[in-house]
Every structure is written in structure tokens, then in C-alpha cells.
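Undergrad: The chain contents come next:
There are 2 protein chains.
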Amino acid sequence: MLLAQVDDGVIDVEEKLSQTINTDVNLLLDASLHIVDSGGKRLRPRLTILSYLAAGGQNISEVIPLAAAIELVHTATLVHDDINDHSLTRRGKISVHAQWGKTFALLTGDYLFTKVYELMAPYDSTYNIIMADACVKLVEGETLQAEAAKNGSIDRETYKLIIERKTASLFQAAARMGALLAGAEESIVEYLAQYAYFLGLAFQMVDDVLDVVGDPDVLGKPIGSDVVQGMGGVANQNGNTVMEGATATGIGPIKIMLAQLIESGAIEIAKAQANEWAHRAQDALLNIPESPSRDELNNLVHLVVHRNR
Amino acid sequence: MLLAQVDDGVIDVEEKLSQTINTDVNLLLDASLHIVDSGGKRLRPRLTILSYLAAGGQNISEVIPLAAAIELVHTATLVHDDINDHSLTRRGKISVHAQWGKTFALLTGDYLFTKVYELMAPYDSTYNIIMADACVKLVEGETLQAEAAKNGSIDRETYKLIIERKTASLFQAAARMGALLAGAEESIVEYLAQYAYFLGLAFQMVDDVLDVVGDPDVLGKPIGSDVVQGMGGVANQNGNTVMEGATATGIGPIKIMLAQLIESGAIEIAKAQANEWAHRAQDALLNIPESPSRDELNNLVHLVVHRNR
Chain A
0 MLLAQVDDGV IDVEEKLSQT INTDVNLLLD ASLHIVDSGG KRLRPRLTIL SYLAAGGQNI
60 SEVIPLAAAI ELVHTATLVH DDINDHSLTR RGKISVHAQW GKTFALLTGD YLFTKVYELM
120 APYDSTYNII MADACVKLVE GETLQAEAAK NGSIDRETYK LIIERKTASL FQAAARMGAL
180 LAGAEESIVE YLAQYAYFLG LAFQMVDDVL DVVGDPDVLG KPIGSDVVQG MGGVANQNGN
240 TVMEGATATG IGPIKIMLAQ LIESGAIEIA KAQANEWAHR AQDALLNIPE SPSRDELNNL
300 VHLVVHRNR
Chain B
0 MLLAQVDDGV IDVEEKLSQT INTDVNLLLD ASLHIVDSGG KRLRPRLTIL SYLAAGGQNI
60 SEVIPLAAAI ELVHTATLVH DDINDHSLTR RGKISVHAQW GKTFALLTGD YLFTKVYELM
120 APYDSTYNII MADACVKLVE GETLQAEAAK NGSIDRETYK LIIERKTASL FQAAARMGAL
180 LAGAEESIVE YLAQYAYFLG LAFQMVDDVL DVVGDPDVLG KPIGSDVVQG MGGVANQNGN
240 TVMEGATATG IGPIKIMLAQ LIESGAIEIA KAQANEWAHR AQDALLNIPE SPSRDELNNL
300 VHLVVHRNR
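Protein sequence lines correspond, in order, to chains A and B.
Numbering-wise (numbering that gives the first Met the number 0), the first sequence opens with residue 0 and increments by one.
Numbering-wise (numbering that gives the first Met the number 0), the second sequence opens with residue 0 and increments by one.
No wet-lab data here; the hints were simulated from the structure.
Just so you know, nobody snuck in bad clues.
Which copy is meant is left open, because identical chains are indistinguishable; a pair holds if it fits in one copy or across any two.
Straight-line C-alpha distance at most 25 Å; calculated SDA-like pairs for lysine to any residue: (1) Lys15 to Thr125; (2) Lys159 to Glu117; (3) Lys149 to Asn21; (4) Lys40 to Asp132; (5) Lys159 to Leu28; (6) Lys159 to Asn297; (7) Lys15 to Asp123; (8) Lys149 to Ile266; (9) Lys149 to Asn25; (10) Lys101 to Glu146; (11) Lys149 to Thr22.
Keep in mind the model is a prediction, meaning the values are calculated, not measured.
Turn these sequences into a full structure, and let the hints steer you where they fit.
TA: Below, the structure written as C-alpha cells:
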């Protein structure tokens, strides 16, 4: 019952996204539809909707535009990420920059971001301040990651800072805005934000592990593509990823590095860290009233940690 | 007296910009300061401040954040434009992408745009809707321009659509927001918006003419850099720019094209069009109450049309 409601909400989010990106500039429309319609886990809109419900919201249709805005931030960053990572595929399809070239991919990412702003503009400042803050942090995180990639090395502290800003911040904004829209009291809003923060950290670390050990056919993108960008993330016991000899263009060094990561035991350490964050997410949930939506947020943690894509 | 006040306001805008781009990610801070501190005409914040005053605003400090947000939109687009145009210089300095590389330039542009959003977020939805709309149009205009560049040809109708969206929209938003903040009645807001729209069109066309015939030492960027991107804009009597044989990389064909444009009389046609738009801007001003600020807005039209940089 609840899950079907949330699934319907996600479909409404997808419809809202398709409406939002409408423009008379055909190239922008085509490229935007290409990435917006390419599926994806839709984890962030799901999180927004469930946070709204868990905080006492009664009318899912009310939260759809906010959930769409959150998903669109993520989508915009994917387009720019794929330019910087030289990724040719995304979600099993050709990437925007591979199809339309770098110039138009850059503009498509910009366009999607202006459409986030358009979606958010009608809301009052509370929501816009939360969203703007998340967007700033996201770009800061992406930049720290690109710097780490360039340096070819990353310590654990920097890794956490990166995933906090580039992933956890948006998760947190999703939960916070959903809960605020439900009219929840401040403590509920903050516990849900805390939940989402740890969910985001766990999600990103699992993502990085999958990038190293996952099956490319399941993931729909070439293995090691994030690692090439230096995300690495899966630090070895000395707190550093083994990036020596790895370059953004050579395929040999990447494979060597992946093998080294697996052999060094870094993968197991990363999984343990993700589990710890997952538990902290679940602990935060215990502070909000019991409900089917709360149970579903709890399940989301399991899904995030135990997924294979 | 008034001009000194406005100049002080522009200095406050520059200070606000420097404060706004503050971040613990040093690379983003350095690259942002590089472009934000590189001067420029500061025409858009000047327009915002003068519109506020002409609409009856009394306290310039009130309009500074809006003026800063408008200038920051422009600044963000310059960083992304320079990536797409392969421009090595901007305002007489090395461009962000030439200094930091494409990846970080892309992220710096994204960062500046998120900072626009952060500046705007505290305002109520009226302002955010205006700004979001201008940002969407701006990216649409940039995309149409890049498409024209790729096709190597542009007709007059498309040229007008491009400059309307990529330039006039932001000018219009600047005037509209300034006038709204002053609490002006709707007709005043709309006449100032109309003024700014025509000022924007005239400004962009003069910019394109200068790109063809200007002195590179005065302009601080290599001549033809916008034309290479196909901006062209200075259509010949058939309504088409002569782009045949011009490529983004070859310098020979560009020089040939520039010579062809000048010989074809297209420059004179463009100047006449800019003058017509300038007059329409001035006509719109006649509908608002006389004031020193209105006179200054009128002068701005002269400055825009008769500038050599």
C-alpha cells in the first residue's frame, strides 16, 4: 500500500521532470530528455517523499515538485561529471557528452541546473536556502574530488569530506525539505536530516566499492570510471588509495590499481565503514514516531547497503 | 553626486561578490576571485542600482545583494563561455580554463552559479522567479548560439532570438528586480524592464560589432573570438553571416571572414540596428518620472552604443 503510493509518487516526479525541462530549443530538450528519462534509482525523490510522509505529511502530490528538484540537481551533476570523467556511458545509455559533444553537454548541465532553480523559485526562502546550501556543497565536493584525482592520492579525511559534500548534503536537503513541507516540529526535521546524512555517506561508499568490484553489465557504466577520476574512496590501511601509476587515459594502470585495492583489503574496510554509517542512519530514525514510512526509510538503508548496482 | 553614489554602490557590489565566493576549497576560491576581481564594465550592477533609484528607491545598500547576484550570473557564464570558445584570455587576463584547466573551469562556473542561488535564496519568490527565468533564457540563448556556430550560418531572426535570451533577459531581470525592490508601481517596473531589454539588445549588438572591428588591446580579448563561436551576429544584407571556410581552429579563414563582413557593409547595418534599439530604450524611459537617475539611465544608452570596448 505505502510502497505503491511511493512508486506512484516517483512516477509523478518523472512526469514533473519531463514537463519542467520543456523548451523550444530542441537540442536542450532532446539532451535533457535523454538523461532525465534514462531511469536511475530515483533514490533521492524516494527519500524526499518518504521523509515527508514519515514527518506526518498527508498529501504526496504536495511534495512532488521538491522531490523533482532534488532529482534534477543530481541529474545536472551527472551530465557535468560525465564530461570531466570522459565517461561514454551512463545508466546503460550513451552519455550526453558522447552523443552531443562537450559544448552542448556543458550547456545541458547548466540548463538542468537553471531548471532546478525554476522549480524551487516559487517556494519560500527556507527551502531555497536549504537547496542553495546543498548545491554549493555539492560543487565543492566535486572539486575536492577532482583535485584528489589530479594529485593521484587521497586520505580518509578528505574522502569523507568529499562524499559528505557531494552526496550526503543533497540527501540531507531532500529529507529536511520533505519534513519541513509536512509541517513537522524541528526535532523531527533534524532527526530525518541526520538519518539522510548517514544514508548518503553509506550510499556513496557502497557506490565507490561497486565501482571497483561490481559487474559492469549490472551497473550500466564502465568499471573504474569513478576511480579514474580519483574518487577511489576505498582507502587502504595506511589511509591512502593506491593511485601510483594510474592515469586517466591508460587502462593498464587502472586495472593494476583495482587489483591492488582488492588485495590490500581496502574493500572490506570500506564495507565496514558503510555498515557503520548505515547503523547510524537507522539509529537516527528511532527518534521519530513509528510509522510505515519510518519502516520504509529503515528498509532504504538495507537496500542502499546491500545493492549490487 | 549621483554618479559617485552609484560608483560607491558598484564597489560595494564587488565587495559583496568577494565575500560571497568565500569557501574552504582553495582552488574554487582562487579561480573565483581570479574572474570576479578581473574588473569588467560592471554594467549590469550599475543598471540594477540605477533602476532601483529611478523607481524611487532611497537606500542603495538595500539593492547591493541583488546587483551582485546579477553580476555573478554574468561572471559564471563567462567562465563556461571561455571553455566552449577556447578563449585563452578574458578581460586582459588569462582565462580560468587556460589557468586551471577545463575540469576546474567547469566546476568554477558551476560554483559561481550555485553562489548566485545562495545570494538570491533569502528573497521572496517574486525575485527568484524573475531570476530563474532569466537564467533559463540565458542558457537557451547560449545554446542557440553554439548551434549557429556549429552550423556556420545564422539568420537575423535567430540572431535576435540569441541576443534576446543570452543578454537582454538578464538586463531586463536586473531592472525589474531593482524597480520591484524600490516598491515602484507595476507600470514603472515594466517600463524600466522594457528600457533594459532594448539596452541589452543594443549592448550585445555593439559588442558583436566590436568583436569584429575593435582594437584587441582595448578590448582585452582576441578579436574574432566570439565570431569563431559563430556569434557573428553582424548579418550581411542577405541576413546571413559569411561563415563559410571559417573554423574554430584555423586563423586564416577567420581573418578572411572578418574582412568579408566589413566589406559587405554588414557592420554598418548592425550599427544602425543597435542605434534603433538604443532609441527604443530611451523612449521607454520617457514613461517614468524625471529624476537624476533616469538621466543617468539615459546616459547609459549613449555609453553602451558609443563605447570602444
